[in-house]
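S.K.: Start from the sequences, fold in the hints, and give me the full structure.
Chain order of the listed sequences is A and L.
Taking this note's numbering, the leading residue of the first sequence gets 1233, the next gets one more, and so forth.
Taking this note's numbering, the leading residue of the second sequence gets 153, the next gets one more, and so forth.
Please note that the accuracy of each hint is not assured.
Think about it this way: if two alpha-carbon atoms lie no more than 16 Å apart in a straight line, the pair counts; the simulated EDC-like pairs of lysine to aspartate or glutamate are [stated by the list, open to error]: (1) Lys346(L) / Glu1357(A); (2) Lys1319(A) / Glu1405(A); (3) Lys1356(A) / Glu349(L); (4) Lys1526(A) / Asp209(L); (5) Lys1403(A) / Glu1340(A); (6) Lys1426(A) / Glu1405(A); (7) Lys1356(A) / Asp1282(A); (8) Lys1512(A) / Glu1407(A); (9) Lys312(L) / Asp243(L); (10) Lys1512(A) / Glu1419(A); (11) Lys156(L) / Glu1398(A); (12) Lys187(L) / Glu357(L); (13) Lys156(L) / Glu1357(A); (14) Lys275(L) / Glu232(L); (15) Lys270(L) / Asp243(L); (16) Lys1503(A) / Glu1407(A); (17) Lys1451(A) / Glu1424(A); (18) Lys1366(A) / Asp345(L).
Far from chain A by the CB rule (all over 10 Å, computed), these chain L residues [said to hold, decoys possible]: (19) Lys178; (20) Val198; (21) Ser236; (22) Asn320.
Rather than coming from a laboratory, the hints here were simulated on the basis of the structure.
In this text, all values refer to a predicted model and were calculated from it rather than measured experimentally.
Cβ coordinates follow ideal geometry from the N, Cα and C atoms, glycine included.
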Amino acid sequence: MSFKVIKAGIFTTLQDRGRFGFTHLGVTNSGVMDEYSALAAQKLLDNAQDTNILEITFAPVELKADANTSFCVTGALCEVFINEQLKNSWQVHKIQKGDVVKVQIILEGQRVYLAVKNGFDIAKEFGSNSTTIKESLGGISGIQIKNADILPYKQNSEDIINRWHENHIPKYEKELVLRVILSYQEESFSKEEKEKFFNSTYTITQDFNRMACKLSGEKILSSLDGIISEAITFGSIQIPKDGQPIILLKERQTIGGYPKIGTVLSIDCFKLAQMRIDTKVRFEPIDINTAQDKLRDFYSTFA
Amino acid sequence: MQIKLASVDSVIIYFSNTISKQNSLKVKSAYKLLKSLDDKDLIEIVPSYTSILITYDIFTYNFEQIKIFLNELLKDLKVEDESSQELINIDVYYGEEVGLDLQRVASRADISTQEVIKIHSSKIYDVFAIGFLPGFAYMAAVEEKIITPRLETPRRKIPKGSVAIADNQTAVYPQNSPGGWNILGKTTFELFDKSLEALSPITIESRIKFNPISKDEFLKQGGILEF
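M.R.: Structural data, given as structure tokens:
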């Protein structure tokens, strides 16, 4: 009982919430880039939050089902078909043996998520299905999904009728505000540098992948040349010597030696994951208590 | 000791701002203590040269609470000496066909390649941090005599198992990778091994000794000479 992959797309990977507990050995967390969309899909299917899911970056992707189940597609705005019939994203659909599911074209945003009821039956590696290609960990043999791969699932005939509320489906805007917690080496940035940082508009460059997002715009300077290498968290903003901020994302290196001005609130990193090259971003400070309240609210939505 | 914000759900503990064996022992002692709590709400504990990053469950601790908890826990930290740390021997073939920079390191130090090998392999190294690649352990300190800066132009590919030095640090490349370290030899020792439950035989608490072996021995262990 499985999907057979007819068309894999150029970069479709199996993910979940990430691989934790091996960072001290240099193993990155990995996991879905846009947790909002992925968690919404699991909630719609009444799955556990850590259920695995496909992260699709390039369409078309085509899967043929050989058993009944339910699935749903969230994330970037795209056209989803079951047997040539256009279906809504952010809604659970039943499929039957022989049905072909297609993600035809991505219209807005960057990453589409496709989940099935109870997830795919693929063995975890070191606690996770998340694929990190540079580490050959997770997914099916540590790489992206390929044509003719088999994605096993358990047959399911439940009637799951769920749809994400229209008002809660994200719109991908032309300009994104990223809330920043001042952290790490923030004291090495003068008042003037911080003002510049928070009052400038930056542009997302083509150096944007699962590891990091490099921005271009006003140069920011630290009084430090480099620092003693230390562990770096999701969302931290490195300022290398060229003064152009780099936001570190799910597949970041585990330690690094550049000064960091702050860390983007993870909820906003999930939004960033859907932005395209040339999108404008601005930074806005947020205090730690408000940030933690926001994050607790965020996860409570999916509980 | 200073606890600073790292992110919405992480703090970083700084034990000092200089790299030294003593400061590293502080990090290792604190790391050991934190691990021994086996607290599932401490999601990640990531040590480095002078710091430890802690990612925690924000449904259990808020920032103030984790700070108080860590301050309390670490205020009377007993710094252990290195006697409890495991010594790991790594066999290395220091041949010029695999140690591409052996000759250059020797010329720079104005000594023979045999002396470089002797100097590099007679010391016990401490692990100061693991990162860059899974299982890539930064070990120190290399004897002053053979200290060599990184290559100006990094190599596109350094083969897995290469034993190399950069400044006063030494390391083994756990997989093929671009890199700028000076290669002295090669080992068949696996630093990142998916068949191990722990993923790597080395942790920040390991001490490492390199053991020179002959070409025959290296080949017998399954070593590969080609680049």
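S.K.: Checked against the structure, which of the hints given earlier come out wrong?
M.R.: 2, 6, 10, 11, 13, 14, 20
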